[in-house]
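Peer 1: Sequence:
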Amino acid sequence: MTQGVDLLDARIIALFTEQPTIGVLGASRALGVARGTVQARLERLQSRGVIASLAPTIDPGALGYPVTAFCSLQIRQTAGQSPVVAHLSSIPEVIEAYTITGAFDLFVIVVARNNSDLQRVIDAIVEHDHIERASTQIALSTHIESRTLPLVQASALPTHD
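Position one of the sequence shown corresponds to residue -2 (the working numbering), numbered consecutively onward.
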């Protein structure tokens, strides 16, 4: 299997990104290809993991969580990351967590209702015994939203169909 996508895959992904409710039939009409082709391509993209989910994209700010912060965590190395990750998973405001290199071990993205609520979230995070140190930065504004469509377009391979 190739790592990229071909031009038709990229067009399908772009269309569903821009019009998530279009449906397979609408996509086939818009792209000028058979419905079965769109359905098969979507299934293949999902099975390859290119499309991770067809779930809606949620805006935490619209849910009442307009504050975003980035927490770098240094953890005690004796038990590994699993206990800390399990702890972080129990906190709804933790929306992403990554193992990182450098002085810290985990990078966590959190949301909060306001700065006071952010303090509550940070307190909940650092209460775990294996977290030795935390450093938090608050996002003041977003210049580029989470996006993957430019990456899809850049990786598109010419099709031979």
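Misleading hints may appear alongside valid ones.
[Claimed, not checked] Quick list of simulated restraints, FRET-style, between CB atoms:
1) D126 - L146: 35 to 45 angstroms
2) G20 - E124: 40 to 50 angstroms
3) R130 - L4: 21 to 31 angstroms
4) G46 - V21: 14 to 24 angstroms
5) L5 - N112: 40 to 50 angstroms
6) L51 - P147: 12 to 22 angstroms
7) S79 - T54: 25 to 35 angstroms
8) L51 - N112: 33 to 43 angstroms
9) L137 - Y95: 31 to 41 angstroms
10) N112 - L22: 45 to 55 angstroms
11) R32 - E124: 49 to 59 angstroms
12) L148 - T18: 14 to 24 angstroms
13) R117 - G46: 47 to 57 angstroms
14) L51 - G29: 41 to 51 angstroms
Just so you know, these hints were derived from the structure itself, not from any lab. Built from N, CA and C at the ideal position, the CB exists for glycine as well.
Peer 1: Next step is simple, just say for each hint if it's right about the structure.
Peer 2: Here is what the structure says about each hint:
At roughly 42 angstroms, the beta-carbon separation of D126 and L146 lies within the given 35 to 45 angstroms, and the hint holds. For G20 and E124, the hinted distance range of 40 to 50 angstroms is satisfied, since their beta carbons lie about 46 angstroms from each other. Distance hint check for R130 and L4: the Cβ-Cβ separation is about 48 angstroms, which falls outside the suggested range of 21 to 31 angstroms. Under the hint 14 to 24 angstroms, the C-beta atoms of G46 and V21, about 20 angstroms apart, fit the expected range.
Taking 40 to 50 angstroms as the suggested C-beta distance range, the pair L5 and N112 conforms, at roughly 47 angstroms. Look at L51 against P147: about 20 angstroms separates their beta carbons, and that is inside 12 to 22 angstroms. For S79 and T54, the Cβ-Cβ distance of about 29 angstroms falls inside the hinted range of 25 to 35 angstroms, so the restraint holds. Take L51 and N112: their Cβ atoms lie about 35 angstroms apart, and the range 33 to 43 angstroms holds.
The supplied range of 31 to 41 angstroms is broken by L137 and Y95, whose beta-carbon atoms lie about 21 angstroms from each other. Taking the beta carbon of each, N112 and L22 are about 47 angstroms apart, inside 45 to 55 angstroms as hinted. Distance hint for R32 and E124: a CB-CB separation of about 53 angstroms, consistent with the stated range 49 to 59 angstroms. Look at L148 against T18: about 23 angstroms separates their beta carbons, and that is inside 14 to 24 angstroms.
As the Cβ distance of R117 to G46 is approximately 35 angstroms, the hint placing it in 47 to 57 angstroms is violated. With their beta carbons about 22 angstroms apart, L51 and G29 fall outside the hinted range of 41 to 51 angstroms.
When held up to the earlier numbered hints, the structure conflicts with 3, 9, 13, 14 and fits the remainder.
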